[in-house]
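Peer 1: Protein chains in written order, with my numbering: chain A, 29 to 486; chain B, 39 to 193.
Source of the hints: derived by calculation from the structure; they are not laboratory data. Hints may be right or wrong, so weigh each one.
Said to hold, decoys possible - Under the rule of at most 30 Å between Cα atoms (straight-line distance), these lysine-lysine pairs were calculated in the BS3-like manner:
| no. | chain 1 | residue 1 | chain 2 | residue 2 |
| --- | --- | --- | --- | --- |
| 1 | B | K147 | A | K125 |
| 2 | A | K49 | B | K42 |
| 3 | A | K95 | B | K44 |
| 4 | A | K49 | B | K147 |
| 5 | A | K356 | B | K147 |
| 6 | A | K49 | B | K113 |
| 7 | A | K356 | B | K113 |
| 8 | A | K49 | A | K95 |
| 9 | A | K242 | A | K384 |
| 10 | A | K341 | B | K113 |
| 11 | B | K147 | A | K95 |
| 12 | B | K42 | A | K378 |
| 13 | A | K341 | B | K44 |
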Amino acid sequence: MEHVIIGNSAAAIGAIESIRKVDQNSSLTVVSNENEHVYSRPLIAHYLAGDVTEDRMPYRPEDFYRKNRVTTHLGTRVTEVDPIAEKLCFEDGSTLKYDRLLISTGSKVSLPPLPGCEDFEGINIFQSYNDAKRVLNRLEKGRKAVVIGAGLIGLRAAYGLQAAGADVTLIELLPRIASRILDKKGSRLVQKILENGGIKVFTGCSVKEIIGTKSDGVTGVILGNDEKIDSNVVIMSTGVTPNTTLAENTPLEVNLGLVVNRYFQTSFSNIFAAGDVAETFDIPRGAGMVNANWPNAYEQGRYAGLCMTGEMKKYPGSVGMNSVSFYKMPVISMGLFDPETEGVEGTEIKIRENLKNNIYQKLIFKNNILKGAILIGDIGYAGTINDLIRAQVLVGVIKDSILEEKYQLYNFLRKKRRDKVEGTAIQWPETHSSTSRYEKSFNEETWTEREQDKRIWR
Amino acid sequence: MVLKQKQIYCHPDLCIGCRICANACALAREGEANPRLGRINIRQNLFERYEYQELCRHCDDPPCLDACMVGCIEKDAYTGIVTNDDSCVGCWMCVMVCPYGSMRRDLIKQMAVKCDQCKDREGPVCVDVCPTGALVFKEREDTPEDPFFTGPAVT
Chain A
29 MEHVIIGNSA AAIGAIESIR KVDQNSSLTV VSNENEHVYS RPLIAHYLAG DVTEDRMPYR
89 PEDFYRKNRV TTHLGTRVTE VDPIAEKLCF EDGSTLKYDR LLISTGSKVS LPPLPGCEDF
149 EGINIFQSYN DAKRVLNRLE KGRKAVVIGA GLIGLRAAYG LQAAGADVTL IELLPRIASR
209 ILDKKGSRLV QKILENGGIK VFTGCSVKEI IGTKSDGVTG VILGNDEKID SNVVIMSTGV
269 TPNTTLAENT PLEVNLGLVV NRYFQTSFSN IFAAGDVAET FDIPRGAGMV NANWPNAYEQ
329 GRYAGLCMTG EMKKYPGSVG MNSVSFYKMP VISMGLFDPE TEGVEGTEIK IRENLKNNIY
389 QKLIFKNNIL KGAILIGDIG YAGTINDLIR AQVLVGVIKD SILEEKYQLY NFLRKKRRDK
449 VEGTAIQWPE THSSTSRYEK SFNEETWTER EQDKRIWR
Chain B
39 MVLKQKQIYC HPDLCIGCRI CANACALARE GEANPRLGRI NIRQNLFERY EYQELCRHCD
99 DPPCLDACMV GCIEKDAYTG IVTNDDSCVG CWMCVMVCPY GSMRRDLIKQ MAVKCDQCKD
159 REGPVCVDVC PTGALVFKER EDTPEDPFFT GPAVT
């Protein structure tokens, strides 16, 4: 059997590892347009910051391909997929037959129609290892940087640039930063954390033009109010979309991303798609979504690999989740984090905040089922909360206590937990069901100092 | 050949929440008697009389391995032990996905630490020091009845 994988990142590696776990004999080929050994994309911000050296960039050891007997075609671009003849066409005209194909091409950056945004040296997107290297080279010319677009990539890039010693300005068109991963209060808090760290943040601010010269490259950015900001580096992080160019002119169905079923099959049963390019079932929303992040991509690749070998394992679905850390302040958001903006009705929200210590936690319930969470500053129970979102169990009884110090669910092992929370298998002891103990205010400013101390330590 | 995987089991009724295991773990691994740094941790509620032992299950398909964006978490194909190394950058992706809460955060080094069943030692240190015998190190029974079973989740 000929397995061919397009792309060389999280989903591809997950697929290779799971294929080789069950199938040692069939041939495996990886095609990628990047000429690098597999590396971690989220890590390029850390590379920029200098936390991670070059020798730690590879995601898997150097002999990974040899050990797993993978043929690699790195640095070659696939121009066309022919699902009828079951072959790929490359740039140079050669073709490659496949029996099972996995498309894991990830996402591409969508650039806005901005005058001058592709003209000068020093204007970068921030997606690949090469981009990070280019930015580092460019920083030697001068230490002023502008990041346009304050999504997750923009925030990471700004943080990395600042740690690399640059003077960073972050510009966002929307009135708040990180609107795709945080709600209003959360993004205000993160903005405060970033500003305290020394990054200048302009929100609700448009960019009119990027200016520069042919010899020096980019020299500055002109804002909507005609203010000019000097810069030697400009990073465009204005959002990404699934890279579905290969599916054009083919019968493969594309909606938000490549549409796949629970076994990662696209419209053709021998073409699979996984990772940031695939539109998968989103558990908390109960609808198709592109959940583009590293953990989901690897997990999807792992399931897709199994399905490619014929061992059909049903994918339970993905939960959009992200975890970043700015100035030692952890930020996690999961699932349906902001029902107001998304227009979801009938939700119930529990908030615990202690803005003095930069702690903000928010849980979103709907029909007594946990749908999403935002945790900033204190991420003690993130794993269990994530598991509750994944399992979609009824949590009516313990709703108030999840954000409490003594999180009752910790009493249970994971498998038993599902029965217990639903209250079917075993009766709750009286103390668990009495809610009066949990009616204490979540506003920590009313707590004693001792209580606050205990809370921060964990 | 693959070894039958071993697992640290804990008997909830025997645990008295003394946290000696966590302390010994931190002492053996970090050289510091601080139960907060232990790879095993006990959460205790005196009023409702329970102890919960946060310890790594060394899952069959570890979610932390899926989530680690550095690639520093790996599962040994022979022993089945899930380990991480010190190339961790502190992104807390593993903390976000571990359903058992067994990824500990070392806030000083900004690194995740996890149990590796004291693989360089003869048996885990927490099992050796447990005064009531609540912790037991034995081969895993791969049946869904096993409370520490981490096979395919019921969906």
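Peer 1: Would you mind confirming whether the straight-line C-alpha gap from K49 (chain A) to K42 (chain B) stays at or under 30 Å?
Peer 2: Within the cut-off at roughly 17 Å; holds.
Peer 1: Take a quick look at whether K242 (chain A) and K384 (chain A) sit within 30 Å of each other, Cα to Cα.
Peer 2: Measuring from Cα to Cα gives roughly 48 Å; hence the hint is violated.
Peer 1: Is the hinted pair K341 (chain A) and K44 (chain B) satisfied, with a Cα-Cα distance of at most 30 Å?
Peer 2: Distance ~26 Å between K341 (chain A) and K44 (chain B) Cα, so the pair holds.
Peer 1: Between K49 (chain A) and K113 (chain B), is the straight-line Cα distance small enough, at 30 Å or below?
Peer 2: Distance of about 13 Å is within 30 Å: holds.
Peer 1: Is K49 (chain A) close enough to K147 (chain B), meaning Cα to Cα at most 30 Å?
Peer 2: violated, 34 Å
Peer 1: Would the pair K147 (chain B) and K95 (chain A) pass a check requiring their Cα atoms to be no farther apart than 30 Å?
Peer 2: violated, 33 Å
Peer 1: Run the distance test for K95 (chain A) versus K44 (chain B): straight-line Cα separation, threshold 30 Å.
Peer 2: Given that 30 Å is the threshold and the Cα spacing comes to 26 Å, the pair holds.
Peer 1: Are K341 (chain A) and K113 (chain B) close enough, with their CA atoms no more than 30 Å apart?
Peer 2: holds, 21 Å
Peer 1: Keeping to a limit of 30 Å between CA atoms, is the pair of K356 (chain A) and K147 (chain B) held or broken?
Peer 2: Distance ~10 Å between K356 (chain A) and K147 (chain B) Cα, so the pair holds.
Peer 1: Would you mind confirming whether the straight-line C-alpha gap from K49 (chain A) to K95 (chain A) stays at or under 30 Å?
Peer 2: With Cα atoms ~12 Å apart, K49 (chain A) and K95 (chain A) stay inside 30 Å; holds.
Peer 1: Assess, step by step, whether the Cα of K147 (chain B) is no farther than 30 Å from the Cα of K125 (chain A), and give holds or violated.
Peer 2: Between K147 (chain B) and K125 (chain A) the Cα gap is close to 49 Å, so the pair fails against 30 Å, i.e. violated.
Peer 1: Hey, K42 (chain B) versus K378 (chain A), does the alpha-carbon distance stay inside 30 Å?
Peer 2: Roughly 44 Å between the alpha carbons, so the hint for K42 (chain B) and K378 (chain A) is violated.
Checked against the numbered hints listed earlier, the structure breaks hints 1, 4, 9, 11 and 12; every other hint is satisfied.
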